Amino acid sequence: MTELTDLSLTQAVQALRQGEITSRLLCQAYLERISRLDAGLHAFLAVAPESALAQAEAADRRLQAWRENPAGPLPALLGIPVAVKDVLCVAGMPCTCGSRILEGFYPPYHATAVERLLAAGAVILGKTNTDEFAMGSSTENSAYGVTHNPWDPSRVPGGSSGGSAAAVAARLALAALGTDTGGSVRQPASFCGVTGIKPTYGRVSRYGLVAFGSSLDVVGVLGRDAQDVARIFSQIAGYDPRDATTMDLPVPEIDLEAVDLTGLRVGVPEEYFISGMQSDVEEAVRWAVQALESLGARAVPVSLPHTRYALPVYYLVAPAEASANLARYDGIRYGPRVPAKTLEEVFRRTRGEKFGPEVKRRIMLGTYALSAGYYDAFYGQAQKVRTLIKQDFDQAFAVVDLIAAPVAPTTAFKIGEHGDDPLSMYLEDVFTLPANLAGVPGLSFPVGFDRQGLPVGMQLMGAHFREELLFRAAFAYQQITDWHTRAPEIAAA
Amino acid sequence: MTLTLEEVEHIANLARLQLSDQEKERYREQLSAILDYFSQLQALDTSAIPPTASVLPARNVLREDQARPGLSREELLRGAPETEAGQIRVPPVLD
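The listed protein sequences derive, respectively, from chains U and G.
When the letters of the first sequence are read in order and numbered with numbering that gives the first Met the number 0, they come out as residues 0 to 492.
When the letters of the second sequence are read in order and numbered with numbering that gives the first Met the number 0, they come out as residues 0 to 94.
Isolated chain U (complex conformation) (with noise of 0.2 Å):
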């Protein structure tokens, strides 16, 4: 018999409704693989399995009620055990980003993102592992240990929700709520053969979300495949009251029926081939390509002539931004205080010893763009170079309907692969900041896999507000595909 985990969120919504399962039996069977597993891969931070099953329990008795007076719909994800990143506020859990600057704390309320999938009937596993404020592309910056990547647990998941496409790779979750900055769903999504949604910057209220970069931050959702993520995205997105960038704009019901891409017009931008990157990556992406041109669509070459500077551009800008946002840490109102004689050698001092080296990292060099005599060279020209960077996808999106390209120039690197050398980690990001600078939404999927069996992804990119589009072709490509099906054989520790 297959096992309850085995079922995709699509399936288990079914087979919960139609009664054939229990939530609580459903949850009980990921927490079993999560004490049983997460000890060797340490996607999780916090795993709360009381407040869980008596979420399971209440579903299930709504269940009941339905099936014996089915009036009125149910929710979307009655029963569905779901992960978050530990960057989102869940009240009655800590709330930790990664970082020593922060344990202990337990935010008093819920993220909007959190509120909307309990409403949506989903049940909270736990807290997942993430670099330290979401800064980095690994994992390996948590104060709280690096995870391990289930299809290969000397390599890292990717980052910076590495702890949410670890839970969902290794099926410790149905689904994972994620947040992306630089890439921070679609690279890990990317390196753990699951797949990530960034939506569209302003989509997804970030009220609950800790501020990293406030230009930049968005929400998002890992999953096993199109569609799962897709019917969380349609939960969790829409206009918030209590976060004044979320665009008053209806969410579309996403209908993932049709398979058939014909008319459907893929850019493919030359810049994201470049020489370096690892040759079974583009292979996978170009036969990727393919495989939407045999569904209909047509490819067709693109150019986004500034792809090149979306590094220097991301890495001022958003540095910047969290000098600022960051500025809140000062072992006052939460977390922990290092004790000293004055209020200033507090702020310094808690600063100085609860920050990991990552963290400091950003918030000197952002505090370096921002500074009197750097601002117009560093901080104004990444701002104006950024308009240049938009004005790329403005005119890509003017003659095509959708862009596809590589997640990132390699498959998952070896923990410690990259050192103490900041910058070889920056270039990791490469293909994933120009979204982010544009505000655009990005789905990564898997598309293969490269010779030595780690799985390979690919982005598809849209203009603003347009995720249905790339749910509807990922789709397609799923259901022609069986690499969003296969699943990592893990050995527990």
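Treat the hints as calculated values from the structure; they're not laboratory data.
Treat the numbers as computed from the prediction; the structure is a model and nothing was measured.
Worth double-checking, as some hints may not be accurate.
Claimed, not checked - With a straight-line cut-off of 25 Å between C-alpha atoms, the simulated BS3-like cross-links for lysine-lysine are:
#, chain 1, residue 1, chain 2, residue 2
1, G, K23, U, K413
2, U, K353, U, K340
3, G, K23, U, K389
4, U, K359, U, K389
5, U, K359, G, K23
6, U, K413, U, K359
Fit chain G to the given chain U structure using the hints.
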């Protein structure tokens, strides 16, 4: 471009970060290399390009100024490392 130790100390002071001598030297080297790489941005002529601060269409967001229930003082103080008499306790601001 090469940062001096004094510049590193100035930035750390602005950011209220206490750094060890070893950290200062490491950040001096790493930030110099990163800023060097970023200097490629200077090659672009952007004199006619407006800056982008947000990708969303600029708009004002207004609402009625109405009292609504918020979080209680007790809930908010629970996260603070030191409290006294319903307030956050801090060391002296001045010596």
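Results of checking the hints against the structure:
no. : hint                 : result
1   : K23(G) with K413(U)  : violated, 28 Å
2   : K353(U) with K340(U) : holds, 18 Å
3   : K23(G) with K389(U)  : violated, 36 Å
4   : K359(U) with K389(U) : violated, 29 Å
5   : K359(U) with K23(G)  : holds, 11 Å
6   : K413(U) with K359(U) : holds, 24 Å
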